Amino acid sequence: MSRILASLALLAALALPALAVEPNERLADPVLEGRARTLSKGLRCMVCQNESIDESGADLARDVRVKLRERLTAGDTDEAAVRFIVDRYGKFVLLNPPIEPATYVLWFSPVVILGVATGGILAAIRRRKAAATPPPPLDAAEQARLAALMQESDS
Amino acid sequence: MRKTLYLLPLVLFLAVASYFAAGLRPGRDPHELPSALIDKALPAFDLPALNEGPNITTDSLKGQVVVINFFASWCVPCKLEHPVLMRLSTKEKLPIIGIAYKDAVEDSRKELAKGGNPYARIGVDRKGAVGFDFGVYGVPETYVVDKSGHIRKRFVGPLNADSVEKELLPLLRELTRS
Chain A
8 MSRILASLAL
18 LAALALPALA
28 VEPNERLADP
38 VLEGRARTLS
48 KGLRCMVCQN
58 ESIDESGADL
68 ARDVRVKLRE
78 RLTAGDTDEA
88 AVRFIVDRYG
98 KFVLLNPPIE
108 PATYVLWFSP
118 VVILGVATGG
128 ILAAIRRRKA
138 AATPPPPLDA
148 AEQARLAALM
158 QESDS
Chain B
495 MRKTLYLLPL
505 VLFLAVASYF
515 AAGLRPGRDP
525 HELPSALIDK
535 ALPAFDLPAL
545 NEGPNITTDS
555 LKGQVVVINF
565 FASWCVPCKL
575 EHPVLMRLST
585 KEKLPIIGIA
595 YKDAVEDSRK
605 ELAKGGNPYA
615 RIGVDRKGAV
625 GFDFGVYGVP
635 ETYVVDKSGH
645 IRKRFVGPLN
655 ADSVEKELLP
665 LLRELTRS
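So the protein sequences, as listed, match chains A and B.
Taking the numbering used here, I'd label the letters of the first sequence as residues 8 to 162.
Taking the numbering used here, I'd label the letters of the second sequence as residues 495 to 672.
Bound conformation, chain A alone (with noise of 0.2 angstroms):
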């Protein structure tokens, strides 16, 4: 039993994860292949569309991995290697979409949905807590004219 459980163990430690990058991609300067990766997973496949091209294994995502690091290797900066390829596939590929003037729905409407529900509450505490002060105390001329009431109801 104790064998098996360590065979287990054993096997479950030698389970990496899969990984789309073709060992004959990978570049062999270490730093460039660093920044080759980190790019990567910040850009979108075209083809499977919610996955990042270092996680697929689509052709097209090869291509796209290949054509980064030729960017690298020639000496692009990380900017100028990203925008080659938005040039081509659009602003669609980066997964986390820039902040510019089409994306200030995206990115602010939550703050001021939040915004305008704060108010929404708070304007109605406020009135409910109105609503709940006692009124003022009765002034003398006041008390005068209930107790004089009160007169009138008894006889």
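Since the hints were made in silico from the structure, they are not lab data.
Predicted model only: the values in this text are computed from it and were never measured.
Where hints are given, some of them may not hold.
[Stated by the list, open to error] Covered by chain A, according to a simulated footprint, are these stretches of chain B (three or more residues, beta-carbon under 8 angstroms):
#1 522 to 533
#2 628 to 634
[Claimed, not checked] Pairs of lysine-lysine, DSS-like flavour, derived with a Cα cap of 27 angstroms:
#3 B:Lys596 with B:Lys556
#4 B:Lys660 with B:Lys647
#5 B:Lys621 with A:Lys48
#6 A:Lys74 with A:Lys98
#7 B:Lys497 with B:Lys534
#8 B:Lys497 with B:Lys621
#9 B:Lys641 with B:Lys608
#10 A:Lys136 with A:Lys98
#11 B:Lys534 with A:Lys74
#12 A:Lys48 with B:Lys556
#13 A:Lys136 with B:Lys497
#14 B:Lys497 with B:Lys585
#15 B:Lys660 with B:Lys573
#16 B:Lys621 with B:Lys587
#17 A:Lys98 with B:Lys596
#18 B:Lys647 with A:Lys98
#19 B:Lys556 with B:Lys587
#20 B:Lys534 with B:Lys647
#21 A:Lys98 with B:Lys534
#22 B:Lys497 with B:Lys573
#23 A:Lys74 with B:Lys647
#24 A:Lys98 with B:Lys621
#25 B:Lys556 with B:Lys534
#26 A:Lys74 with B:Lys621
#27 B:Lys534 with B:Lys608
#28 A:Lys98 with A:Lys48
#29 B:Lys621 with B:Lys596
#30 A:Lys74 with B:Lys596
Note that CB positions come from ideal geometry on N, CA and C, so glycine has one too.
Go by the hints and put chain B onto chain A.
Just chain B now, kept in the frame of chain A:
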């Protein structure tokens, strides 16, 4: 003002519901994306011809309205599109530029010999490098280029009778006129 405020949730609901309904309308393909190259200049390319003849280059296409179609013999939806392209080339006399995307030369030739060749000229993009510059993410893709060499429209996936009648032909008429 206060009296009508109770209608607000209903109005909000209708606004959100119509937005979702637009997203669910039949015939909408959520995978279809606008090209990043719309209204941009045609990427520069220089491709060897599949058959005899000079290379197919960006310069050789200048000054005319051009339809460029990316295809491959291994591409299944292309077979669906093939009769539509044949009709365009024979009936509408449309000179279509074909680009054989990531396809072995022999395979492209065999495929066209079998079903007929709808293309005026065909370039060979063996590695898909030109496809990459166009932002091709799934064949078949069809691009319409105006006289000044700017991409005006991209069709992702096979053209069909509907998209040809309603979109492609009207656009071509408009571009040739101007």
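A quick look at each hint next to the structure:
Counting residues of the region 522 to 533 of chain B whose CB falls under 8 angstroms from any CB of chain A gives 6; the rule of at least 3 is met. With 4 residues bearing a CB less than 8 angstroms from a CB of chain A, the region 628 to 634 of chain B meets the requirement of three and the coverage assertion stands. With a C-alpha separation of about 25 angstroms, the suggested pair Lys596 of chain B and Lys556 of chain B falls inside the 27 angstroms cut-off, and the hint holds. For the given pair, Lys660 of chain B sits about 13 angstroms from Lys647 of chain B by alpha-carbon distance, which is consistent with the 27 angstroms threshold.
Note on Lys621 of chain B and Lys48 of chain A: the hinted pairing holds, with a Cα-Cα distance of about 24 angstroms set against a maximum of 27 angstroms. Taking the CA atoms of Lys74 of chain A and Lys98 of chain A, the gap is near 17 angstroms; set against the 27 angstroms cutoff, the hint holds. A C-alpha spacing of about 52 angstroms is found between Lys497 of chain B and Lys534 of chain B, which places the hinted pair above 27 angstroms, so the restraint is violated. For the given pair, Lys497 of chain B sits about 67 angstroms from Lys621 of chain B by alpha-carbon distance, which is inconsistent with the 27 angstroms threshold.
Taking the CA atoms of Lys641 of chain B and Lys608 of chain B, the gap is near 33 angstroms; set against the 27 angstroms cutoff, the hint is violated. Among the hinted pairs, Lys136 of chain A with Lys98 of chain A is inconsistent with the structure: their alpha-carbon atoms are about 50 angstroms apart, more than 27 angstroms. At most 27 angstroms may separate the alpha-carbon atoms for a hinted pair to count; Lys534 of chain B and Lys74 of chain A meet this at roughly 21 angstroms. In summary, the hint linking Lys48 of chain A to Lys556 of chain B is not supported, as the alpha carbons are separated by about 39 angstroms, beyond the 27 angstroms threshold.
A hinted pair counts as satisfied when its Cα atoms are at most 27 angstroms apart, and Lys136 of chain A with Lys497 of chain B qualifies at roughly 21 angstroms. For a cut-off of 27 angstroms, the pair hint linking Lys497 of chain B to Lys585 of chain B is broken: about 64 angstroms separates their Cα positions. The suggested pairing of Lys660 of chain B with Lys573 of chain B holds, with an alpha-carbon distance near 21 angstroms, which does not exceed 27 angstroms. In summary, the hint linking Lys621 of chain B to Lys587 of chain B is not supported, as the alpha carbons are separated by about 30 angstroms, beyond the 27 angstroms threshold.
Restraint check for Lys98 of chain A and Lys596 of chain B: the C-alpha separation of about 25 angstroms stays at or below 27 angstroms, so the hint holds. Between the alpha carbons of Lys647 of chain B and Lys98 of chain A the distance comes to roughly 17 angstroms, so the proposed pair stays at or under 27 angstroms and holds. For a cut-off of 27 angstroms, the pair hint linking Lys556 of chain B to Lys587 of chain B stands: about 19 angstroms separates their Cα positions. In summary, the hint linking Lys534 of chain B to Lys647 of chain B is supported, as the alpha carbons are separated by about 10 angstroms, within the 27 angstroms threshold.
Proposed proximity of Lys98 of chain A and Lys534 of chain B is supported: the alpha carbons are some 15 angstroms apart, at most 27 angstroms. Between Lys497 of chain B and Lys573 of chain B the CA atoms are separated by roughly 61 angstroms; this puts the pair beyond 27 angstroms, and the hint is violated. Restraint check: the Cα-Cα separation between Lys74 of chain A and Lys647 of chain B comes to about 25 angstroms, which is no more than 27 angstroms; the hinted pair holds. For the proposed pair Lys98 of chain A and Lys621 of chain B, the alpha carbon gap of about 24 angstroms is at most 27 angstroms, so the pair holds.
Our distance criterion of 27 angstroms between C-alpha atoms is met by Lys556 of chain B and Lys534 of chain B, whose separation comes to about 14 angstroms. Taking the CA atoms of Lys74 of chain A and Lys621 of chain B, the gap is about 12 angstroms. The hint holds against a cut of 27 angstroms. Under the criterion of a C-alpha separation no larger than 27 angstroms, the hint pairing Lys534 of chain B with Lys608 of chain B is inconsistent with the structure, at around 36 angstroms. For the suggested pair Lys98 of chain A and Lys48 of chain A, the alpha carbons sit about 15 angstroms apart, so the restraint of at most 27 angstroms is met.
Straight-line distance between C-alpha atoms of Lys621 of chain B and Lys596 of chain B comes to about 5 angstroms, which keeps the hinted pair within the 27 angstroms bound. Of the supplied pair hints, the one linking Lys74 of chain A and Lys596 of chain B holds, its CA atoms being roughly 16 angstroms apart against a limit of 27 angstroms.
Violation of the numbered hints given earlier is confined to hints 7, 8, 9, 10, 12, 14, 16, 22, 27; the remaining hints are satisfied by the structure.
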